[in-house]
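Asks: Chains as they are written, first to last, in our numbering: chain A, 547 to 803; chain B, 25 to 671; chain C, 3 to 270.
Hints are computed from structural coordinates only; laboratory data are not their basis.
Computed footprint of chain A on chain B, listed as stretches where at least three residues anywhere in the stretch have a Cβ under 8 angstroms from a Cβ of chain A:
#1 78-90
#2 191-201
#3 473-487
Model, not experiment: these values are computed from the prediction. Glycine included, C-beta positions come from ideal geometry on N, C-alpha and C.
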Amino acid sequence: MEKTMNLTLRVWRQKNRLDVGKFVEYQLENISEDSSFLEMLDILSEQLVEGGHEPVAFDHDCREGICGMCSMTINGMPHGPENGTTACQLHMRHFHDGQTITIEPWRAKPFPVIKDLVVDRSPLDRIIQSGGFITGRAGSAVDANAMPISKQIADYAMDAAACIGCGACVAACPNASAMLFTAAKVSHMNSLPQGKAEKDRRSLAMVTTMDGEGFGGCTNIGECEAACPKGIPLDMIAQLNRDYAVAQVKNFFQPVL
Amino acid sequence: MNLDSKIPEGPLENKWSSHKFNMKLVNPANRRKYHVIVVGSGLAGGAAAASLAEQGYNVSCFCYQDSPRRAHSIAAQGGINAAKNYQNDGDSVKRLFYDTVKGGDYRAREANVYRLAEVSADIIDQCVAQGVPFAREYGGYLANRSFGGAQVSRTFYARGQTGQQLLLGAYAALSKQIGLGKVKMYNRHEMLDVVKVDGHAKGIIVRNMISGEVSRHAGDCVVLATGGYGNVFFLSTNAQGCNVTAAYRAHKRGAGFANPCYTQIHPTCIPVHGDQQSKLTLMSESLRNDGRVWAPMSADTAKQIREGKLNPNDVAEDDRDYFLERKYPSFGNLAPRDISSRAAKEACDEGRGVATTGLGVFLDFRDAIKRDGQKTIEERYGNLFEMYQCITGDNPYETPMMIFPAVHYTMGGLWVNYNLESTIPGMFVGGEANFSDHGANRLGASALMQGLADGYFVLPYTVGNYLGEQGVAAAGQVTTDHPAFAEVEADVKGRIEKFMSINGTESPRSFHKRLGNIVWEKCGMARSKEGLEEAIKEIQALKKEFWSNLRVVGDADSLNPELERAGRVADFIEFGELMCRDALMREESCGGHFRVEHQTDDGEAKRDDDNFTFAGVWEYQGDDTDPQLHKEPLIYENVKLVTRSYK
Amino acid sequence: MCSLCSFLKSTIGRKILMALSGLVLVLFVLGHMLGNLQIFLGADVINAYAYKLHHVLPTSGLWAIRLFLLGTIAVHLWAAISLTLDNRKARPQGYDEDKPIQASYGARTMRVSGLILLAFIVFHIAHYTARVIPSMEYNDESVMSPVEVPLVKNGHVVMKEGAPVMTFNVNDMMVDGFQVWWVSLFYIIATGLLCLHLSHGFSSMFQSVGLRNSLWRKRLDKIALIYGWVIFLGFAIIPVATLAGILKEDPTGGAGEPVAAITETLHK
Numbered sequence: 547m548e549k550t551m552n553l554t555l556r557v558w559r560q561k562n563r564l565d566v567g568k569f570v571e572y573q574l575e576n577i578s579e580d581s582s583f584l585e586m587l588d589i590l591s592e593q594l595v596e597g598g599h600e601p602v603a604f605d606h607d608c609r610e611g612i613c614g615m616c617s618m619t620i621n622g623m624p625h626g627p628e629n630g631t632t633a634c635q636l637h638m639r640h641f642h643d644g645q646t647i648t649i650e651p652w653r654a655k656p657f658p659v660i661k662d663l664v665v666d667r668s669p670l671d672r673i674i675q676s677g678g679f680i681t682g683r684a685g686s687a688v689d690a691n692a693m694p695i696s697k698q699i700a701d702y703a704m705d706a707a708a709c710i711g712c713g714a715c716v717a718a719c720p721n722a723s724a725m726l727f728t729a730a731k732v733s734h735m736n737s738l739p740q741g742k743a744e745k746d747r748r749s750l751a752m753v754t755t756m757d758g759e760g761f762g763g764c765t766n767i768g769e770c771e772a773a774c775p776k777g778i779p780l781d782m783i784a785q786l787n788r789d790y791a792v793a794q795v796k797n798f799f800q801p802v803l
Numbered sequence: 025m026n027l028d029s030k031i032p033e034g035p036l037e038n039k040w041s042s043h044k045f046n047m048k049l050v051n052p053a054n055r056r057k058y059h060v061i062v063v064g065s066g067l068a069g070g071a072a073a074a075s076l077a078e079q080g081y082n083v084s085c086f087c088y089q090d091s092p093r094r095a096h097s098i099a100a101q102g103g104i105n106a107a108k109n110y111q112n113d114g115d116s117v118k119r120l121f122y123d124t125v126k127g128g129d130y131r132a133r134e135a136n137v138y139r140l141a142e143v144s145a146d147i148i149d150q151c152v153a154q155g156v157p158f159a160r161e162y163g164g165y166l167a168n169r170s171f172g173g174a175q176v177s178r179t180f181y182a183r184g185q186t187g188q189q190l191l192l193g194a195y196a197a198l199s200k201q202i203g204l205g206k207v208k209m210y211n212r213h214e215m216l217d218v219v220k221v222d223g224h225a226k227g228i229i230v231r232n233m234i235s236g237e238v239s240r241h242a243g244d245c246v247v248l249a250t251g252g253y254g255n256v257f258f259l260s261t262n263a264q265g266c267n268v269t270a271a272y273r274a275h276k277r278g279a280g281f282a283n284p285c286y287t288q289i290h291p292t293c294i295p296v297h298g299d300q301q302s303k304l305t306l307m308s309e310s311l312r313n314d315g316r317v318w319a320p321m322s323a324d325t326a327k328q329i330r331e332g333k334l335n336p337n338d339v340a341e342d343d344r345d346y347f348l349e350r351k352y353p354s355f356g357n358l359a360p361r362d363i364s365s366r367a368a369k370e371a372c373d374e375g376r377g378v379a380t381t382g383l384g385v386f387l388d389f390r391d392a393i394k395r396d397g398q399k400t401i402e403e404r405y406g407n408l409f410e411m412y413q414c415i416t417g418d419n420p421y422e423t424p425m426m427i428f429p430a431v432h433y434t435m436g437g438l439w440v441n442y443n444l445e446s447t448i449p450g451m452f453v454g455g456e457a458n459f460s461d462h463g464a465n466r467l468g469a470s471a472l473m474q475g476l477a478d479g480y481f482v483l484p485y486t487v488g489n490y491l492g493e494q495g496v497a498a499a500g501q502v503t504t505d506h507p508a509f510a511e512v513e514a515d516v517k518g519r520i521e522k523f524m525s526i527n528g529t530e531s532p533r534s535f536h537k538r539l540g541n542i543v544w545e546k547c548g549m550a551r552s553k554e555g556l557e558e559a560i561k562e563i564q565a566l567k568k569e570f571w572s573n574l575r576v577v578g579d580a581d582s583l584n585p586e587l588e589r590a591g592r593v594a595d596f597i598e599f600g601e602l603m604c605r606d607a608l609m610r611e612e613s614c615g616g617h618f619r620v621e622h623q624t625d626d627g628e629a630k631r632d633d634d635n636f637t638f639a640g641v642w643e644y645q646g647d648d649t650d651p652q653l654h655k656e657p658l659i660y661e662n663v664k665l666v667t668r669s670y671k
Numbered sequence: 003m004c005s006l007c008s009f010l011k012s013t014i015g016r017k018i019l020m021a022l023s024g025l026v027l028v029l030f031v032l033g034h035m036l037g038n039l040q041i042f043l044g045a046d047v048i049n050a051y052a053y054k055l056h057h058v059l060p061t062s063g064l065w066a067i068r069l070f071l072l073g074t075i076a077v078h079l080w081a082a083i084s085l086t087l088d089n090r091k092a093r094p095q096g097y098d099e100d101k102p103i104q105a106s107y108g109a110r111t112m113r114v115s116g117l118i119l120l121a122f123i124v125f126h127i128a129h130y131t132a133r134v135i136p137s138m139e140y141n142d143e144s145v146m147s148p149v150e151v152p153l154v155k156n157g158h159v160v161m162k163e164g165a166p167v168m169t170f171n172v173n174d175m176m177v178d179g180f181q182v183w184w185v186s187l188f189y190i191i192a193t194g195l196l197c198l199h200l201s202h203g204f205s206s207m208f209q210s211v212g213l214r215n216s217l218w219r220k221r222l223d224k225i226a227l228i229y230g231w232v233i234f235l236g237f238a239i240i241p242v243a244t245l246a247g248i249l250k251e252d253p254t255g256g257a258g259e260p261v262a263a264i265t266e267t268l269h270k
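In isolation and in its complexed conformation, chain A is listed as follows (with noise of 0.2 angstroms):
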């Protein structure tokens, strides 16, 4: 009753940092199409040990979608070819007997691959580091109900907060910008009352460290929005914009940073 599947999978093998790496085939028989693609991956593990040989270092942890340490380009797509959707969520029924899967690692100078499909995301980490919270000491918080926020505003929030950090939208853009990640935690503080007092500063020092990290820019073509599992749209990037143009205009009169 259970559809299976044989497959040819392209997976990227690179020993360590400095390897070159390259493309290995591997055959994959009985697949069934209810596991997940993270669980074939599992499987073709078990099959190299099995042989001897080292398995497919790839990075994962939750299987459901919120983590964001899964990453891997399946046929060219960022979390493979379904929409809103993370590698460790995509199912083998998207795909069908006897297809060629290439799989390779994100493809950005700052993610370097560390072995084989994972690769150094610590970048991002960084950006946040520099300017992605909103300062409140634990005991210094007034009542939550203290300043109510209007449904809206707290909706948008939401909307920018659900980024999970996979990098993505890092993997998808050409020019490996992380304007969209960079710009989803930006639009989720500025957009929040709390979040007012450290915004021109959260901006500028975001965008600052983002551009040092080694990114590209934004070239507004929306890759990014269409690989991201979490639908983060372009408009998180044009506030982003805004803020950074706004507080380069506030800084440039009074310095903020």
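Start from chain A and add chains B and C according to the hints.
Replies: What follows is chains B and C alone, placed relative to chain A:
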């Protein structure tokens, strides 16, 4: 083993405030002389690391993921409880406290639970200040919903991503401190052992998962916030990397492990599709508000459905067994988690299970759709239905959903006193990793509350108290040059070498699966003396096999997921045995722990308050010696023990 | 770092400059097109229009505008090149299997269309403004129409101090130019690329300065496409009409008789 719970004197309501007053303080100028090690970056660890750094301590924080933002707290969906009483519906600290103690089937420590309820309101304030986008009403005030059968609306939520948003709040606070240099963050580092100097926890040994380098880290105290051990069952709703290693290593170095048999099984998970499965996915319990749970009346009908010869929609009304409605007429499909889970298992054990594996029952919305229309159902559960369809490929509007219970939280953990300090002085344990607040069963929306309470509002005080007691002269005195570090480091390295050198034929994953099968079958939803004794023997045999037939490919000095898993599985195997021992010892049924010998005539759990109102704390005695049980009696001064009934 | 420097160094800052310079150029091409289309109203009209452009401001003002436009192009170009270099650096290795998920053709080819347009602009200025393209020196009256013709307004030759005011024969310059098939082809291709460039750029500039959302993105994308087509058709119709023989040379500049005859009549 010293099980002094250090519960402060005085009436329940004043315990925490008077304790805060009595605790030692560290002068702000001296705080920078101390160094705190925090392992884990979830709600408890991340919040504790950030808060301690804000206070001025130097912090090193470790996580196995590539970023602290990925800790598994992120996956919690439903919400976070807080006794704010914003809805004016009769909530109070006392009511939250009472609900939590009762929900925990009277196996939690009163004083801890009261404190949890007390600080719950501060958590919401703190999170809102950090910009957590909680759901709001049109008037701009925070929205609440009722959750997990609570009679008041006290749950705050951020869509279905509450855990994510709370974690990102803690992560932002932590990130700020990392940016300021107050926290040194070690991503992709796994703690492999704890180092004790003069009986106190003073450091840890970690492995850099990229380079394979094993290194020593010294501090003035250690905070473990390393989550639960649900992955001992192989299949659970936990993340792939969740493991018991840090807690179990600490246990082996002298920390008591309390109530390991308290595991929570969630009834509404998507069933296992086959043996290629790696993970179970939870769906919100709210589905049971409108879905009716049923299994075919006869095993034969079930077989036909499994084989695809019969469409479940064509099963006649008389051939359907709405077993929850039948057994629990007053609660029906909304019966609590443990009870619903067991009933589903029973149906499947009788051969009446559906899904390809026979491990599933229906959650049918046919009647609800007929009654309210598809549109209403879509509005209520649209995203859940989509998720279900994404994973299973079935459209739940047309064919009934299938569900099966799965492990998703563990109430047991390292024993801690009121200060969240384990039996190793200087080693604090927060969040799911400790045993303190949920007793034998956790209420919905309470895990996030506990993690943040520990991280933001308890550990920052109690860690400071410990450091203050040690005195400023002791600050930073222990360095990694101390011989204790060399010793433990050698142990860790020896263990890694051992894994690499067994050269057997079976992969760590395969051992993990086998272990999971044993504990799920015999220490899962229903446990028996006989089964548990078998399980212990089987696990011991598995352990032998593991150490003689393990195969770890690759090498130890680079990224090697096989080696990582080997270490975790080795600890899970030993821990699994401990869990079975605890379940065997506890001759009663309470909360998530159900012993088939201890049930009423109609199959309900039977607690034994006279003999088992205690936390069972296990002390490690050596690899070849059985662990020793200690008991911390649970004294109820404010709550009267009654039997839970859902008939 | 000074705030202006940090603005210019940032990717967003350069994108904003690109958008603002783009806006100037977007408006310029529209004006240019409307001006050109006057050729269909007759040689006198387009010539008079050209005369006006040259005389409405003093020469220094004219040069200021020219330099401003050239400067705008330079800024647009600098932003594009420096960002492109940064972007290339950020993605040294692409995907083996590289499929755009949704990006439009126009959006993906901005650099190519922009560079070809640049080449065209250089040619175009050399051709019509500087008039230095070999074999197209309009000063050579043996090959081409007279360079200067009388200025005609409302059907009358404009006179000044007893002599007709002379103006540059823009009509014939265009017609002569477009009668060369490859010039027309290049011109049509270039305006086609301009259309492609605008179909992304027109909408994109709003995004870069932060004045766009999902709703307006859809609208602006449509407007951009329409705008691009309008510009393309408006420009391309002239060489097409020329090659089709609809637009013709007029050595009298719309006066109806050669300038010698006018002067003769005058003296009579």
